[in-house]
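**Student:** With the hints as constraints, model all of the structure from the sequences given.
Protein chains in written order, with my numbering: chain A, 1 to 463; chain B, 1 to 463; chain C, 1 to 463.
Just so you know, the hints here were simulated from the structure itself, not pulled from any lab data.
A portion of the hints provided could be inaccurate.
If chains are identical, the list can't say which one is meant, so a pair holds when it fits in one copy or spans any two.
[Said to hold, decoys possible] When the alpha-carbon atoms are kept at most 20 Å apart in a straight line, the in silico SDA-like pairs for lysine to any residue are as follows:
hint, residue 1, residue 2
1, Lys-322, Arg-89
2, Lys-461, Gln-66
3, Lys-461, Val-155
4, Lys-461, Glu-310
5, Lys-461, Val-327
6, Lys-322, Val-244
7, Lys-461, Pro-178
8, Lys-322, Arg-459
9, Lys-322, Leu-231
10, Lys-461, Arg-143
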Amino acid sequence: MAEAGWNRPALRGRALEIYDAVRALPIISPHGHCDPNWFAGNEAFSDPAELLIIPDHYVFRMLYSQGVPLETIGIGVAREDRDPRAIFRLFAQHWHLFLGTPSRQWLDYTFANIFGIEQALATESADDIFDQIADRLSSDDFRPRALFDSFNLEVLATTDGALDDLAAHRAIRDADWPGRVIPTFRPDSVLNPAHARFEVDVPAMGVLCNVDIGTFDGYLEALRRRRHWFLDAGATATDHDVSVLTTEWLDRPELERLYRAALANEISASDAVRFHGHMLVEMAQMSIEDGLVMQIHVGSTRSTNRLLLERFGTDMGADIPKRVDWVSGLDGLLNRVGNNPELSLIAFTLDEAAYARELAPMAGHWPALRLGPPWWFHDSLNGIRRYFDQVVETAGYRNLTGFNDDTRAFLSIPARHDLWRRGVSLHLAEQIDRGVMDAGDAHHLAAVLSRDLALDAYRLKER
Amino acid sequence: MAEAGWNRPALRGRALEIYDAVRALPIISPHGHCDPNWFAGNEAFSDPAELLIIPDHYVFRMLYSQGVPLETIGIGVAREDRDPRAIFRLFAQHWHLFLGTPSRQWLDYTFANIFGIEQALATESADDIFDQIADRLSSDDFRPRALFDSFNLEVLATTDGALDDLAAHRAIRDADWPGRVIPTFRPDSVLNPAHARFEVDVPAMGVLCNVDIGTFDGYLEALRRRRHWFLDAGATATDHDVSVLTTEWLDRPELERLYRAALANEISASDAVRFHGHMLVEMAQMSIEDGLVMQIHVGSTRSTNRLLLERFGTDMGADIPKRVDWVSGLDGLLNRVGNNPELSLIAFTLDEAAYARELAPMAGHWPALRLGPPWWFHDSLNGIRRYFDQVVETAGYRNLTGFNDDTRAFLSIPARHDLWRRGVSLHLAEQIDRGVMDAGDAHHLAAVLSRDLALDAYRLKER
Amino acid sequence: MAEAGWNRPALRGRALEIYDAVRALPIISPHGHCDPNWFAGNEAFSDPAELLIIPDHYVFRMLYSQGVPLETIGIGVAREDRDPRAIFRLFAQHWHLFLGTPSRQWLDYTFANIFGIEQALATESADDIFDQIADRLSSDDFRPRALFDSFNLEVLATTDGALDDLAAHRAIRDADWPGRVIPTFRPDSVLNPAHARFEVDVPAMGVLCNVDIGTFDGYLEALRRRRHWFLDAGATATDHDVSVLTTEWLDRPELERLYRAALANEISASDAVRFHGHMLVEMAQMSIEDGLVMQIHVGSTRSTNRLLLERFGTDMGADIPKRVDWVSGLDGLLNRVGNNPELSLIAFTLDEAAYARELAPMAGHWPALRLGPPWWFHDSLNGIRRYFDQVVETAGYRNLTGFNDDTRAFLSIPARHDLWRRGVSLHLAEQIDRGVMDAGDAHHLAAVLSRDLALDAYRLKER
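**Tutor:** What follows is the structure, encoded as C-alpha cells:
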C-alpha cells in the first residue's frame, strides 16, 4: 500500500530549488472546459463520484480497459439510479490500475492537498475517504468561488459554443466577486460542414446576429459579430478542433457554391474538409482584425469504438491520436497570414513525431506560430519531458505558450499545474547539469514557463 | 580490452535494490522459438559456433554489415564443411563491433554466468574460450533439461506450425521430467493466402483433421480442430505474423469466392490481404470460444536484400521495420470482438512512433487489447526505456504483458530476462526519483513485470 | 543575466573524464560549406555582423519567428547600406530568445574561447563586444589560415558545384601552408532535372570536359571526368541533396528518352524524380569505380514560406523536415550495389522516427551503408542523445561516421565539434552507469567517435 501523500514532489537538489521558487505562483488557465455556471451560481458541488469519477474520461477508460463495465460506474445511468458510494468504492478497488498514470498523480495531489486526506486510497479506506470528501464539499470553503480563490487562479478561460449567450460569464462579471473567468470562442459547429449541427447552427447564428446568412458575406459578417460578442464578454481567444488538417484559400465562386451545399446538407465529405480549411484561414484573418488569439487542436480519430458510440455517445475514451502532416496542412493558412506577427496562432498536436520534425522548425520560423503545451495523453511527466527534449533546441522557449490544463475537472487544476511546474523544474535542472544554461537563466525561465508565457501568448495582460 | 564480467549489473542505489528483489524469480517464457526436440531428446548441444554464432541473426547481420561474407561464418555451408573453431575465432576478432548492442550484453552474460568463463572475449582468448564452452557442452549439466532446470524456467512456450503433430511436446509430457514446455499455435501458412505453403498446407490440414476443406465451413472446422489439438498439448496461445495490417469482416459469398481462389492459387495480392484480415477476426472469435490468447506481430518488410534471399533464403538479417497504422488496421477486429474482456489480444509493434500515439491509448481503452513487450530490435536497454516512457502513462502497467524473449537461442534466455529485469529496475527507480510512485509500489511492480503479468496475460495459471 | 563563460562544459564525474581525454583531439571536418577562397586568399574576415549574424540561418530564423524583420538584420540589404554595429546590437537585444538552442551554445563558446570575451552578451555589452571582435578580426592571428591552425583542424572539406574549377583548392595546395582543405563533388545541378540550372549546367559540363553530352553515354563520361577532376584536387567524397527519395535502375531506352526530355526542359516532375533516382545509382556505381565516398542528405521541404522565397530567395529559414521512407527509397540503389563493401554510402536524415525503425536496422545490415551524424536541426545536445539512444543498439558504433559540422560558419567549427564531444561523453558515461560497457571501452569509443570514424568513413587516411 502506498504511504499517503508520497507523491508530494520528490524532487531534489537543483530541481527542488527551481520548483520551490515557482510552486506558489498564480495559476493561469487559458484553455479548459470548466462550466462557467459553477462560478455564476456558486452552488456546492455534488457528491465525490459525480465530481471526480463519472465525468473523467481518463478514469473510466482505464477501468473499462480492464473489464469494468461503464454502467457500473454510473455512465449511461440516470443520476437518481446511481449509488455514488458504490461507484467510489469500485474505483478504489481498482486504484492500483492507475499506478504510473497522471490520473493517479492528479488525484493523489487532489486528495492530499485540496481535501486534506491523510490516508492512502484503498478498498478499506474508500468509505472513509468518500465521507471526508462529501463532508468538505458541503462546506462553504468548497464552493466554486472559494476554491477558485484558494487555488490562486489568476484567470480561467472556459470553452463556449459560437451561439452561447455567455449569460453565465456576464453574471460572473456583474457579481460581487473579483475572479476572472473568461469565455473562448469555439465555432466548430458553424465552420465545419461535417459537424452534426452545422445546418441548424448557422441559421440560428444569423437570427442571433440579425444578419442574413443566406449569402457568404452575411455568414462572414455573422461570424465577425459573434467574435465581438465574445470579445465584449472578455474572451481573448478562439479554439478550433480539426480532424483532417488542410487549409486552402478558395476563390469566391467556389466558396459560395460550397457554402450553399453545406447549408443544404448536400456537401461531400471532401468538400466539407476544403470549406472548413478555408474558414480556418478566414478565422486567422479575423484574428488579425480583432486580436483574438487562434488555437488549433489537431489529430484525433474520434469515437473508434462504435458500440460505445451507439450506446453512450461521444467522448467515451475511444478517441485515438493519429499522424498529422503539419507542413502541408497549414500551408494555405501560413502562406496567407503567417508572416504577420499580429496573428497569434497556437498549434496543439497529439502526434509527437511531429515535434522535432515539423512543429519546432515551423514555430522557430513563422512569426505567427507558437506551439501549445503537451496535450491530452501527453499532459504527463514523460510527455512534458519529451516535449522539451524535442522542441526547445529548435523553437526556443519564447515560441512556446506555457501551460494549459485543458480540463473540465476543476478540482484537478492545481494538480495539473503543479505537475507542469515539476516537469519544468526537472527539465531546467537537467539543462543546468548538462551545461546548456546557468542557474540564473533557469530560474528566470521557470517563471516564464509557469506563468508569463501563458499571459503573453493569450494576450491576457492586454485586456 | 574489457574486464571479464563487467556487464554484471552496474546498477546502484534504488535500482539495485529493486533488481536484487526480482533477479532470482522464476523465468516465464511465454513466446519464443526454441526447438521442443531439444527437451524431448535431451541430447547434448553441438559445438559453440553451431550453438551461439551461426543461427543468431543479430550476430551475423552485424558481421555482414562490416563486410564479413556470410559463408565465412558458416552460412550456406554444409555442416561437415564448416570449421567451428575458425568461425568462433573470426567472431572473436570482430567482437568490438558489438559494443553497445544487446547481442554483446546477452553473450557476455552467457559466457560469464552460464559457462563460467572468466576471460574477456578477444582474438587471443578465442581458442581457449571455445575449448571451455565445448568442454562444458559435453557434460550432463549442459544437456537441455539440466539447463532448463538450472535456468529456473517455470514455463517455456515454443512456436509451432499449424500442421505440427506436437510429438516432441507429447514426448516431453510423457517423460520423467517436470519441465513445462508448451506449444503455440502458429497458423500463418493456413490463414494467409500469400504464404508460400497455403495451397499445400490447407488440404494437408483437412487430411490431418479428417475434415473436407473444400468448403469454407469445413476449413473453419479444421482450424478449430487444430486449435484443440494444440490446447490438448498444453498450448495457451496462438501467434500471427502480419505483414500488411488490415482486419475486416467480409460477407459469406465474398469469403467463399476468395477462399476458392486462394486454394486454387488464383487470388490477387490485395484479396489475399483482405482474406487474411478476415481470418484474423475469425481467430479472435475462436479465441473467445476456446480461450487461447491471441498474439499478433506486425511491422516488418521481409527480405529486403534480394541477393541474400536468392542465395541463402529468408531470415538473413534484411528484415526492416516499417510504419504501421494500428487504429485503422485493427478497426475491423476490435469493433467486432474488442469489447469482450474474454478475448486476450496481445499486439507487438516494430514502429515505436505508434507507442504513445496509438498503441498505449488503444490498450488503455479496449478490454481485449494488451501491449506486448519491446520486440526484436527494441528488446534492449534503450528499447525498454523508450517503451516504458511512452506507454505507461496512458496504458498503465496492467495492460502490458511482462516480458517475452522471443528467441531460438536457448542459452540466451537467462540473459534476456536479466536485461529486462535490469531495464524494469532502472525504470522503476526513476519513477520513485521523480515522485511518480513510492518504493513499495515500485517493488510490487517489479515482480509483476518480471513474472506475474506474463502468467496472467498468457493464462498460464489457468491451465 | 548569464555569467560569462558558464557554458564551458558543466560535465562531471565520468563524463568529464571522458571529455577531457578527447577535447583536444584534432578536428576532422569531412562535410561542410566553408568558402575555400578564405584559405586561398587568406584575407581578414569582415565585421562581426557579416561574419556571425547575417549568414547564419539558425540565427535569423529565430529572430524572424519573434517578429524581427529580416531587413533589419541586413538580409536583402546591400552591404554598403548595412550598419554592422546596429545589427549586432539588435541581435544582442534578442539574445534571450536563444536560451536552450545550440546557436547560443555555439556562439557562447565562440565568444569565450575564440575571441576571449569575458562579458556575457547583453544589450549593454553589445557595443563593447562588437569592438573586441572587430579588433581581433583585424589581427593576423584571426586570418583564415591562422584560425585553421589554431583550431587544430586536421582536414576541412568544402562543398563544391560540379562545374567548379577548384582554383581556390589548387591555390591552397600550391601555397606555402600545410593546411588540408579539400573539395567535395556536389553534382545536384547536373543530376536532377528539377534543378533550376540543369539544362544550362549539363551542356556547360560537356564543354568543360570536352565531351559531347548529346548522348547519355557522353553525359556519363562527362560526369566521370568531373569526378576525377575533384579526385585530383583531393576530394574523397560526393554529396547529394535529395528531396523525394526514390532509386530505381531504368532501362536504357527509357533513360535516353528521359535524358533528352530533361535537356530540353520538357520532363515531367515525376519523370525528373525517376531520372534523378536512377542517376543516384549511377553515382554509387561510379563510387565503386573511383573510390569516392557517397553522401546523401534527404528530407527537407524547401522554402515553405513563399513570401520570403520571392523576396529573398532560398535558404531563408523556412525549410522544414518531412517524413522519409528509407526502405523503399533506397531499395533500387541498395539492391544493385549495397552488398559491395567497396561502396561507402553515408545517409543523413531529418526524420528521427526513421532512426530506430529503418536506418539503424539498414546500417546494421548492408555492407555499403553507414549512418551520418545528427544533422541540421538535430545537431544539438538532445539531438545527439536521441541519435545514440535509437541507433547504437541496432547499428553498433562502427556503422556510424563520427561527426560532421556541416557549417558555413567557420568560426563555429570548434564549438560544434566540442558540443559533439560533450554529447559523446554524456552518452558514454551513461553507458557505463547502466552496465552496457566498461570505462576502458568507453574511452576507446570516445576517441573513435571524435576522430577515427570520420577519417575512416571518408577515407581520409587513404589519400
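**Student:** Which earlier hints turn out false for this structure, listed by number in ascending order?
**Tutor:** Those not satisfied are hints 1, 4, 5, 8, 9 and 10.
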